[in-house]
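Could you slot chain B onto chain A? The hints should help.
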Amino acid sequence: MKPLKPLPVLALLLTVLAAPAWADIGQIKTRKGQVTVERQGQRLPAEVGMTLEAADVLRTGPDSAVGITMRDNSLLSAGPNSILALQRFEFDPTTSQGRFDSQLQRGTLAVVSGRIAKQSPQAMTVRTPAAQLGVRGTEFVVAVDE
Amino acid sequence: MSSRAAAAALVLALALLAGCAAQPKSTVVLLPDASGRDTAVTVDHAGGQLVLDKPYAAAQLTRDGAQPASANAAQVMARFGDALAARPLPPASFTLYFVEGRDEFTAESKRDFDGVFAEIARRPVPDLVVIGHTDTVGTPAYNDTLSRQRAEVVRNLLVARGIAAERIVVVGRGERELVVVTADNVAEPRNRRVEIQVR
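For the protein sequence lines, the chains are A and B, in the order given. If you're matching positions, the first sequence starts at 1 in this note's numbering and goes up one per residue. If you're matching positions, the second sequence starts at 1 in this note's numbering and goes up one per residue.
With the rest of the complex left out, here is chain A (with noise of 0.2 angstroms):
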């Protein structure tokens, strides 16, 4: 058995140190009616105090919503029949520097920006399928109809 080559083993142990000390990027604050969350190919029932993580993609059911506090203090709430992906969100609550980029599939969301936005116009990121938007700051809605 050749020895294990170093390179592939540092890179590891530094992705690990390099890993924050936590996985949780925000978490769901207010739910109402059917709301799921898709996680690596599951979908898990959406509970009031369950934390999110990178990549979850929220749905909202008929007569559904859900509300969420992410970590930088950014505030996102979706309404009924929405699909919003998660899909990036780096945050050092030290310097306030980070970047979250969602995507609203379908539905509407409302946004109160929070300290990424802040600190750096632009690190923040609303897409639907037809734009993309630059948080400037602070409050605003969007919709994407089917």
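Because the hints were derived from the structure by calculation, they are not lab data. Honestly, I wouldn't trust all of these hints.
Unchecked claim - Calculated cross-link-like contacts (lysine-lysine; reagent style DSSO-like; alpha-carbon spacing at most 30 angstroms):
1) A:K118 x B:K54
2) A:K118 x B:K25
3) B:K25 x B:K54
4) B:K25 x A:K32
Said to hold, decoys possible - Covered stretches of chain B, going by a simulated chain A footprint (3 or more residues, C-beta under 8 angstroms):
5) 39-51
6) 54-66
7) 71-81
8) 85-97
9) 117-127
10) 173-179
Ideal Cβ positions, reconstructed from N, Cα and C, are used throughout, including at glycine.
Positioned in the frame of chain A, the structure of chain B alone reads:
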């Protein structure tokens, strides 16, 4: 209002109310900022870029491009009432000061600290961020460490009062966020503080 702007407003009003269209359509409306901060959203689309920087400025988008428009509060409530009703409570912020040179709150901050627990009780799933800040005395690196240590003191006080440690995140912001802007190496008690955010 020009006839073209009137037509655009009418199209938006109809779309906001009806919520349906021949092809996928997006609507963006900038809202007034609750605390009067500067607010704007840029909208990049197939035909270029729009900037929304006035309350209720709006854009109506399809894959082909964008139409500037405007909305009003009633239209926003009709279309976005459910999403707005689901919005979490905004984080509540408490700023605490220590007696000079001691790990003890000032009398006023002792009362404010009690208010933190009332705020926690208001929320179904509270989580807390404890953020330490320093003045500009010392190097930025030293102040990063110092601010974190001060925040840890407050975290321990919260845990001693029964808050689960895993619901608290501790941050040291160092001298990055001065309340009173000073030159470097200026002692300023109002900058030496710990902020608790209840979310």
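Comparing the hints with the structure gives:
Between K118 (chain A) and K54 (chain B) the alpha-carbon distance is near 18 angstroms, which keeps this suggested pair within the 30 angstroms criterion. For the given pair, K118 (chain A) sits about 28 angstroms from K25 (chain B) by alpha-carbon distance, which is consistent with the 30 angstroms threshold. Among the hinted pairs, K25 (chain B) with K54 (chain B) is consistent with the structure: their alpha-carbon atoms are about 22 angstroms apart, no more than 30 angstroms. Restraint check for K25 (chain B) and K32 (chain A): the C-alpha separation of about 26 angstroms stays at or below 30 angstroms, so the hint holds.
For the stretch 39-51 of chain B, the assignment as covered by chain A holds, since 8 residues bring a beta-carbon within under 8 angstroms of that chain's beta-carbons and 3 suffice. Given as covered by chain A, the stretch 54-66 of chain B passes the check, having 5 residues with a CB less than 8 angstroms from a CB of that chain where 3 are the minimum. Counting residues of the stretch 71-81 of chain B whose beta carbon lies closer than 8 angstroms to any beta carbon of chain A gives 4, which meets the minimum of three for the stated coverage. As drawn, the stretch 85-97 of chain B meets chain A at 7 residues by the rule of a beta-carbon pair under 8 angstroms; at three or more, the given contact holds.
Only when three residues or more bring their CB closer than 8 angstroms to a CB of chain A does the claim for the stretch 117-127 of chain B stand; here the count is 4, and the claim holds. With 3 residues carrying a beta carbon less than 8 angstroms from a beta carbon of chain A, the stretch 173-179 of chain B meets the three-residue requirement, and the given coverage holds.
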